[in-house]
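Peer 1: Residues per chain, in single letters:
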Amino acid sequence: MDDPALMPLQVRDRLARMARVDPGGLARLFSLSSLEGDLPARLLHALHAALAHRTIAHARANVPWYREHPEYSRWALPEGYPGRPSELLAGLPVLDRTLVAAAPARFAAEDTALGALGHTSGSTGTPLPVRRSVEEAEFTAAYFAHLSEPLARGGRRPISLNLPNAYHGTPLRLPAPGLSLSSGVTDDLLLAETARAVTARYDLPGYGTHVEYLSGLVNHVLLLTGHLLEQGSDPGAVGLRGVSVAGGTAAPHWRRFLRAAWGCPVTDRFTLTEVVGGASRCRRCDLFHLDPHVFGEVLEPGSSAPVAEGPGRLVLTAFHPFVQMQPMVRYDTGDLVMRFDNGCGPALAFEFLGKHGRAVSLEHRGRRRWLLFPAELNAVLAELPDVRAVEWASNVRSVHDRTLGGLPYARVRLDASCRPPELLVEVELRYGPHFHSARAEEVGARVAGRLRASAGTALAELEAGGAVRLRVACVPPGSLPEPALKL
Amino acid sequence: MHDLVAVAERAIGESKAQLDNDQSRALAAQVTAEIVAEVSAEASARALEEGLQRR
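Note that the protein sequences, when read in sequence, are chains D and Y. Using my numbering, the first residue of the first sequence is number 1, and each one after it goes up by one. Using my numbering, the first residue of the second sequence is number 1, and each one after it goes up by one.
Just so you know, these hints were derived from the structure itself, not from any lab. Please note that a few of the clues may not be correct.
Stated by the list, open to error - Label-pair restraints from in silico Cβ distances:
no.	chain 1	residue 1	chain 2	residue 2	range
1	D	Arg-201	Y	His-2	35 to 45 Å
2	D	Arg-156	Y	His-2	27 to 37 Å
3	Y	His-2	D	Gly-232	47 to 57 Å
As the list claims (entries may be wrong) - One-sided and incomplete, this derived list gives chain Y residues near chain D with beta-carbon spacing under 7 Å:
no.	residue
4	Met-1
5	Leu-4
6	Val-5
7	Val-7
8	Ala-8
9	Ala-11
10	Ile-12
Note that beta-carbon positions come from the ideal geometry of N, C-alpha and C, so glycine has one too.
Just chain Y, same shape as in the assembly (with noise of 0.2 Å):
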């Protein structure tokens, strides 16, 4: 798969910084989870505890 990725990026010519700042496509996502996944409060202590684990 991570071939694939690497395929896919040469060919656009994007860079991963590039596409990782980009703060509307991360609403995009956060907008999608958000309202597909109605998030329920065990799926926000584990982010929590995920976001803790992280740092």
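Next up, chain D with everything else stripped away, as it sits in the complex (with noise of 0.2 Å):
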């Protein structure tokens, strides 16, 4: 083969074809895709292409759901062109939790040996249980490993501290770049080891002084944090290279003062347990890009047309070999998000708006039209000292904020009934809003200023034709009732 511009399709085909896929070989794959330019953003839609091949001839030849529908017999790879990403798995449903939830051994692959169980969190509904495969474990370990090989190099492998996620069952096992310490904050014993595990400096041939990274759930990473503060501890003075956090909205605010706290990025990760990965929020353009193994689809609410820019469900597939007990091929994550096609890399671009059910939207002139994303209310309302957060950690006694990475109290409804239509935004205050009703109001005034200047949504522009009406009311402590655990 001489014409690079024909390599993404030889390798597209072969690797489609081949026996066996080599995990090293993948990694080094999509680690060329990553580079910046044409050619390598042609190869990742290659490796997407083949590895949807992949994926879904195991799925119809080994899962009695996908055996069972005809969609999937049907698809095949077009033939000497690389076709499009966005019609790539164009035509083949879309799976959604309910669905997957009501027959999960359906969708349970009989060629592969049970390793692990996880489940969702249940946060938003029914904990879906998620099979995961000896085979499947053993790929992504291998895959990791190569993947994050370059750390390991220069003869000092780093310490890094990890909050587990205890909340999705047996964790998936892959081996770390260096050491792996790990630790909780969740009572007051846990905390004390972290804090101290974080803060010591060690001793051990091989590995960096002290540790580097320092991973986990934001609500966690937060509390830690705060604790740091509170006993008069600089964070800064730990010498971390990186934090990351997953498990929940990291709001800019919190971002923002991680990042001052520890004096280092903060890379935030949007996961779910179902698929394998998920994206990292780009330090270049702050968006979400998704990780290279993922093929991720944004198609409009209602239907399967897709979006090229704007707001739209996210829907996943996690290809074979990463998942090979129960795939999840177009798996609709429940997630609105933002879709840019803002040319910082090949990968898909997205911010998170929120659950899909939790947005606000009203029908105008046979439309739908977006009112209100929970996550662009999440962020105005993490900026306000004055509002009420959940008391997430009331049980670990030597925190004394122990809010830190709680969600806000705050309750969104639209009154049909009302003439015109009443968007009604109710965020709860620490202290009474008569006592302070000059503050109260600035709150209410912000709040409001920043839901009719959210991107994506129509909300000023409905209010200035008289279609809706905005109303923020700051009501008092206790007035609420307790928030979801998930945006």
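Hints given; two lone chains; assemble the complex.
Peer 2: Here's what the structure looks like:
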């Protein structure tokens, strides 16, 4: 092959049909596809197409649900040309959690051995069991070991501290690039040990002398950071090289706080249990970029029309051999995202807007118009210390502010019986708004201003046209029910 | 598979050394591994053992 332009098609066709995928080779190909330029971008699409072929071939041969649906038998790679990314899986059914949860055994592959049973957290409904095979655990372990190989070079491997996420069943075992310490923050003893581990100096041959990476659920990392500050410790003195947070929405205010407190980059991760992988917020464009080994689409709510730019539902496909026992082809995550075509790398770029069911929209002149996205409301409330937040760590007595990382108390309702319909946003303050009425008005005005300016919504336009009215009401502590666990 | 990797490397013109030295990519890998995996104590022990063997 002399013409480099033909490389992606060659890679696609050979990878699609080879007997066994080598994890190190695939890690290398995905690393190449993440470089700048048109050819790497086309390589990424070729890798997705090849793995889609392998995933669907495996699923229709070994998984009852996929075997029983003829759409999967009819699916084929386009012969002789690469096709467009948006067309890769078009025409296949879109799955959702309810469908899978109703008959999980029908989504289980018959050719693999059960290695671990995970589950979704149940924060937005019945937890979905997630079966993981011995084979996929071995593959993903080898894949990530190859990806992180460069970090182990130079004679000194890093020490990292992980605050494990215990909400998803048996963890998937993957090798850490260095020495991974494990601790927690959910009781006083654990938190004291974590504070010691993160600030300690180590004398371990071949390893760094201190913790260089910290990762965990965003509320756990925030609580730890707050605790250190309350104790008079400077987190910045630890010398971290990176913090990564996942498992919840990290509002911009809290990402800035963590960056300033630790003095290092903060990686915001978007992840879900059903798919091995997710997305990381890009340090250049500040949007989420999907991991290269995950295939993402943004579709119109209520239809399977693709969205090139703007709000839509996020639909993910987990590829074989990363996911083998419970294949998820075109799985609707239940999340609304704002898709951007900003030219920053080939991966799907998006902003998380919140759960689809918690966003507010209005049918206006035959069209769905978005009025409010939960993540935007959370972003503005996180900036306002007046707003009461959930004291999620109420049993951790060694921390004074146990609300760090807790979601704000707020409630949103659209009253369509009013003329025009009223979008009522109730915000619970830490004090009675009548005691500080001028400040409460400021809070209300700031929330309203941000919601009206929220990208992707038609709130300001519809209000100007008299089609809807926004009212932000500040209410005293204790007025609103506990917020949902996730946005 | 190795042939295929070589084909892609030649076409993109990227040397292995260049790619491997990119710390940001390594960090991204680390982040993915840490967060997705919720690395268990057992995995840490295995990684430590492998590290010692390499040296």
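Peer 1: Next, verify each hint and record whether it holds.
Peer 2: Verification of the supplied hints:
| no. | hint | verdict |
| --- | --- | --- |
| 1 | D:Arg-201 x Y:His-2: 35 to 45 Å | 42 Å, holds |
| 2 | D:Arg-156 x Y:His-2: 27 to 37 Å | 29 Å, holds |
| 3 | Y:His-2 x D:Gly-232: 47 to 57 Å | 55 Å, holds |
| 4 | Met-1 | 4 Å, holds |
| 5 | Leu-4 | 6 Å, holds |
| 6 | Val-5 | 5 Å, holds |
| 7 | Val-7 | 6 Å, holds |
| 8 | Ala-8 | 5 Å, holds |
| 9 | Ala-11 | 4 Å, holds |
| 10 | Ile-12 | 5 Å, holds |
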